[in-house]
Amino acid sequence: METQPQPMVSVMMITYNHAPYLPQALDSILMQERDFSLEIVIGEDCSPDNTRAIVLDYQRRYPDIIRPLLPEKNIGAMNNQVQVMEACRGRYVAVLEGDDYWTDPRKLQRQVDYLNAHPEAALVFTDCSLVDEQGQIIQEHYVPARAHRNYNLRELLQEYCPPTLTVLYRNVVPTMPLPFRKVTNGDYALFSLIAEHGTLNYLPGITAHYRRHGGGVWSSQNQEKQFRNNLNTGLVMLNYFGPEYYANLMPVLNWYYTQLCALLWQQKRYKDFWQLYRDFASVSMQTKNKELPAFTLKLLTGRLPKSTLHPA
Numbered sequence: 001m002e003t004q005p006q007p008m009v010s011v012m013m014i015t016y017n018h019a020p021y022l023p024q025a026l027d028s029i030l031m032q033e034r035d036f037s038l039e040i041v042i043g044e045d046c047s048p049d050n051t052r053a054i055v056l057d058y059q060r061r062y063p064d065i066i067r068p069l070l071p072e073k074n075i076g077a078m079n080n081q082v083q084v085m086e087a088c089r090g091r092y093v094a095v096l097e098g099d100d101y102w103t104d105p106r107k108l109q110r111q112v113d114y115l116n117a118h119p120e121a122a123l124v125f126t127d128c129s130l131v132d133e134q135g136q137i138i139q140e141h142y143v144p145a146r147a148h149r150n151y152n153l154r155e156l157l158q159e160y161c162p163p164t165l166t167v168l169y170r171n172v173v174p175t176m177p178l179p180f181r182k183v184t185n186g187d188y189a190l191f192s193l194i195a196e197h198g199t200l201n202y203l204p205g206i207t208a209h210y211r212r213h214g215g216g217v218w219s220s221q222n223q224e225k226q227f228r229n230n231l232n233t234g235l236v237m238l239n240y241f242g243p244e245y246y247a248n249l250m251p252v253l254n255w256y257y258t259q260l261c262a263l264l265w266q267q268k269r270y271k272d273f274w275q276l277y278r279d280f281a282s283v284s285m286q287t288k289n290k291e292l293p294a295f296t297l298k299l300l301t302g303r304l305p306k307s308t309l310h311p312a
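Using full-length UniProt numbering, read the sequence shown as starting at 1 and increasing by one per residue.
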């Protein structure tokens with residue numbers, strides 16, 4: 001069997017229940033003006049809507065570009081992401097979910113040229129706009145101005161995670177380590193692993209539209225669940241990267257712990273509160289964290305601030 005040559009870029013796409021949006025996402029990849037080879041690896045996770053039929057139709061029309069992965073039963077978002085990631089053969093990898101789309105026809109070319117010219121960078125990202133279900137702009141600049149800069153691993157862990165649909169990265173993480181396969185926020189984990197190989201650099205410009213709708217992976221979760229998932233991801237990363245990075249990760253974990261604890265206390269969910277508080281105390285002992293005593297004092301003196309989270 002003849003082996004296909006390695007493409008310059010693999011586009012990693014996971015899709016589930018994206019039938020209304022998937023053609024626009026795929027067309028935004030296919031419209032890219034480029035001087036290099038490209039493959040699109042699509043993981044379609046047994047959607048109950050017409051998503052799989054759309055994937056198969058595009059594969060028929062673009063057989064040399066589109067490689068679908070079609071499990072026989074639903075495997076879940078993280079497993080789907082891992083399978084697609086590990087199937088990407090390109091020198092570089094871009095990421096686009098089936099409900100988002102690119103707007104700049106030279107997005108990939110600009111980013112490939114950038115990584116070719118900057119060997120110190122492991123990933124390049126841009127700004128994007130937030131849009132609604134119909135594609136109307138809600139927020140023109142999704143990336144805050146303070147984030148228009150380059151990041152190393154420490155800064156990524158503590159400060160900011162680039163918008164996934166804008167990135168292009170070197171294919172330096174061939175497989176997802178086992179601890180990260182159980183997290184929900186797989187992109188943050190992946191970018192952290194990539195940052196072990198170089199910087200994450202900002203390239204000016206808006207190149208994509210990030211769609212917010214009721215069926216989105218994060219849009220469909222309430223805020224408490226999102227925060228718990230982010231907290232769990234942070235704890236996995238804390239144990240993976242170890243004591244050298246405690247100082248970078250704990251400010252983020254402190255914020256999630258205190259926000260969630262305050263919410264549970266406000267809602268008089270005391271059993272849940274004490275369980276989370278014990279977890280907070282255990283992690284604080286492990287990392288010699290100084291935030292817990294201050295939080296405990298506020299609790300005992302009735303000065304616990306109100307959570308900014310919306311109730312479940």
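One or more hints might be untrue.
[To be verified] 30 Å max Cα-Cα, derived BS3-like pairs, lysine-lysine:
id	residue 1	residue 2
1	Lys182	Lys73
2	Lys271	Lys306
3	Lys271	Lys298
4	Lys182	Lys290
5	Lys288	Lys306
6	Lys306	Lys268
7	Lys268	Lys225
8	Lys182	Lys298
9	Lys306	Lys73
10	Lys225	Lys288
11	Lys298	Lys268
12	Lys288	Lys268
13	Lys225	Lys290
14	Lys288	Lys298
15	Lys271	Lys288
Calculated from the structure, these hints are not laboratory results.
**Request:** Starting from Lys298, check that the Cα of Lys268 is at most 30 Å away, please.
**Result:** Since the Cα atoms of Lys298 and Lys268 sit roughly 17 Å apart, the hinted pair holds (cutoff 30 Å).
**Prompt:** Regarding the pair Lys182 and Lys290, is the alpha-carbon distance no greater than 30 Å?
**Reply:** holds (29 Å)
**Asked** Are the Cα positions of Lys182 and Lys298 separated by 30 Å at most?
**Response** With Cα atoms ~34 Å apart, Lys182 and Lys298 exceed 30 Å; violated.
**Asked** Is Lys271 within 30 Å of Lys288, Cα to Cα?
**Response** This hinted pair holds, its Cα atoms lying about 25 Å apart.
**Item:** Restraint check for Lys225 with Lys290, where alpha carbons must lie at most 30 Å apart
**Value:** This hinted pair holds, its Cα atoms lying about 26 Å apart.
**30 Å Cα cutoff - pair Lys288, Lys268** = holds (29 Å)
**Prompt:** Straight-line Cα separation of Lys268 and Lys225 no greater than 30 Å?
**Reply:** Holds. Lys268 to Lys225 sits at ~18 Å (cutoff 30 Å).
**Message:** Against the 30 Å threshold, does the CA-CA distance of Lys288 and Lys298 hold or violate the hint?
**Reply:** Distance ~19 Å between Lys288 and Lys298 Cα, so the pair holds.
**Asked** Are the Cα positions of Lys288 and Lys306 separated by 30 Å at most?
**Response** Status holds; Cα separation ~25 Å.
**Message:** Please verify whether Lys225 and Lys288 have alpha carbons no more than 30 Å apart.
**Reply:** Within the cut-off at roughly 27 Å; holds.
**Request:** Given the hint that Lys271 pairs with Lys298, test it: the Cα-Cα distance must not exceed 30 Å.
**Result:** holds (19 Å)
**Request:** Take a quick look at whether Lys182 and Lys73 sit within 30 Å of each other, Cα to Cα.
**Result:** This hinted pair holds, its Cα atoms lying about 19 Å apart.
Checked against the numbered hints listed earlier, the structure breaks hints 8 and 9; every other hint is satisfied.
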